[in-house]
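Heads up: the sequence shown runs through residues -23 to -1, 1 to 248, numbered per mature numbering (1 follows the signal peptide of the UniProt record, and there is no 0).
One thing to keep in mind: the hints can contain errors.
Unchecked claim - With a cut-off of at most 25 Å between alpha-carbon atoms, the simulated SDA-like pairs for lysine to any residue come out as follows:
no., residue 1, residue 2
1, Lys121, Ala131
2, Lys121, Val201
3, Lys121, Tyr162
4, Lys121, Arg165
5, Lys142, Ala117
6, Lys139, Pro91
7, Lys121, Asp153
8, Lys142, Arg108
9, Lys121, Asn173
10, Lys195, Pro90
11, Lys195, Val128
12, Lys195, Thr217
13, Lys121, Ala146
14, Lys195, Arg206
15, Lys142, Gln105
16, Lys142, Gln184
17, Lys121, Glu75
18, Lys121, Pro152
19, Lys139, Glu109
20, Lys195, Arg74
21, Lys142, Pro155
22, Lys121, Pro91
23, Lys195, Ala174
24, Lys121, Gly93
Stated by the list, open to error - Computed beta-carbon distance windows for the label pairs:
no., residue 1, residue 2, range
25, Val128, Glu230, 32 to 40 Å
26, Val218, Thr26, 38 to 46 Å
27, Val214, Ile19, 25 to 33 Å
For the record, the hints were derived by calculation from the structure and aren't laboratory data.
Where a beta carbon is used, it is the ideal one built from N, C-alpha and C, also for glycine.
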Amino acid sequence: MTMRRVKLLCSALMLLASHGALAVSYPLPPEGSRLVGSAFTIAVPENNTQPLESFAAQYGQGLSNMLEANPGVDVYLPHSGSTLIIPQQLILPDTVREGIVINVAEMRLYYYPPLGNSVEVLPIGIGQAGRETPRNWVTAVERKQEGPTWVPTANTRREYAKEGKTLPALVPPGPDNPMGLYAIYIGRLYAIHGTNANFGIGLRVSQGCIRLRNDDIKFLFDNVPVGTRVQLIDQPVKYTVEPDGSHWLEVHERCRAIGRNLNPTEKSPCR
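Kindly generate the complete structure, drawing on both the sequences and the hints.
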């Protein structure tokens, strides 16, 4: 028997490179294949002053994806001249390719447009421990709102009060609204929305909703119609045997482990 190649994809591998903060677009693979994209690296510039979050945003990645692909990297200030793997190759989730698929385990959102032959991939932030983002749930886009109003739950206001912070009953649209400029409501209790912060994508930072960078949520807002199917899944391990016989494995740390030494309330260059 011939030994087949087994390739381990650190983080969620590599895509066709779009170098902005917008969704990264992949052509769908041929029948029988789930592997998309190709790996590449970049060199951190000399005299670097940018945190890892800046490189993550530039290449359409979440912070957790960058940390998985680059173990030991300095999250606050990657060393000048060092090499960073940009995780832009990945295995598509093992589920129906329709509408929005959110793999909570890898902190990525997949959008399969109804017309065309591509998939758009966006990094996300998810719910904090105790405020979990749902898993194993199929729902739909119920409505969309430009300039959403945030209505904190009583429990959220109590949690803030423990830290000496007072939340109003509602937060109107504007720079103080953590939902950002756009919201896509799924089911009755959750939303896919933007942010008013410059960190948190690829971390457990929300009250259970799905958080995106502002360019990414605008892309979804403009392109995803009401009624679109939304599926939330939990696939930390993805495996595929490709048509050429090669075996590929993609493994993500459980969300609780990712960012265990990162405190999003701590003052840092990422804020």
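The hints, checked one at a time:
no.	hint	result
1	Lys121 - Ala131	holds (24 Å)
2	Lys121 - Val201	holds (9 Å)
3	Lys121 - Tyr162	holds (6 Å)
4	Lys121 - Arg165	holds (12 Å)
5	Lys142 - Ala117	violated (34 Å)
6	Lys139 - Pro91	violated (46 Å)
7	Lys121 - Asp153	holds (20 Å)
8	Lys142 - Arg108	holds (19 Å)
9	Lys121 - Asn173	holds (18 Å)
10	Lys195 - Pro90	holds (15 Å)
11	Lys195 - Val128	holds (21 Å)
12	Lys195 - Thr217	violated (32 Å)
13	Lys121 - Ala146	holds (21 Å)
14	Lys195 - Arg206	holds (18 Å)
15	Lys142 - Gln105	holds (18 Å)
16	Lys142 - Gln184	holds (16 Å)
17	Lys121 - Glu75	holds (19 Å)
18	Lys121 - Pro152	holds (19 Å)
19	Lys139 - Glu109	holds (20 Å)
20	Lys195 - Arg74	holds (22 Å)
21	Lys142 - Pro155	holds (15 Å)
22	Lys121 - Pro91	holds (18 Å)
23	Lys195 - Ala174	holds (15 Å)
24	Lys121 - Gly93	holds (23 Å)
25	Val128 - Glu230: 32 to 40 Å	holds (33 Å)
26	Val218 - Thr26: 38 to 46 Å	holds (44 Å)
27	Val214 - Ile19: 25 to 33 Å	holds (27 Å)
Of the numbered hints listed earlier, those contradicted by the structure are 5, 6, 12.
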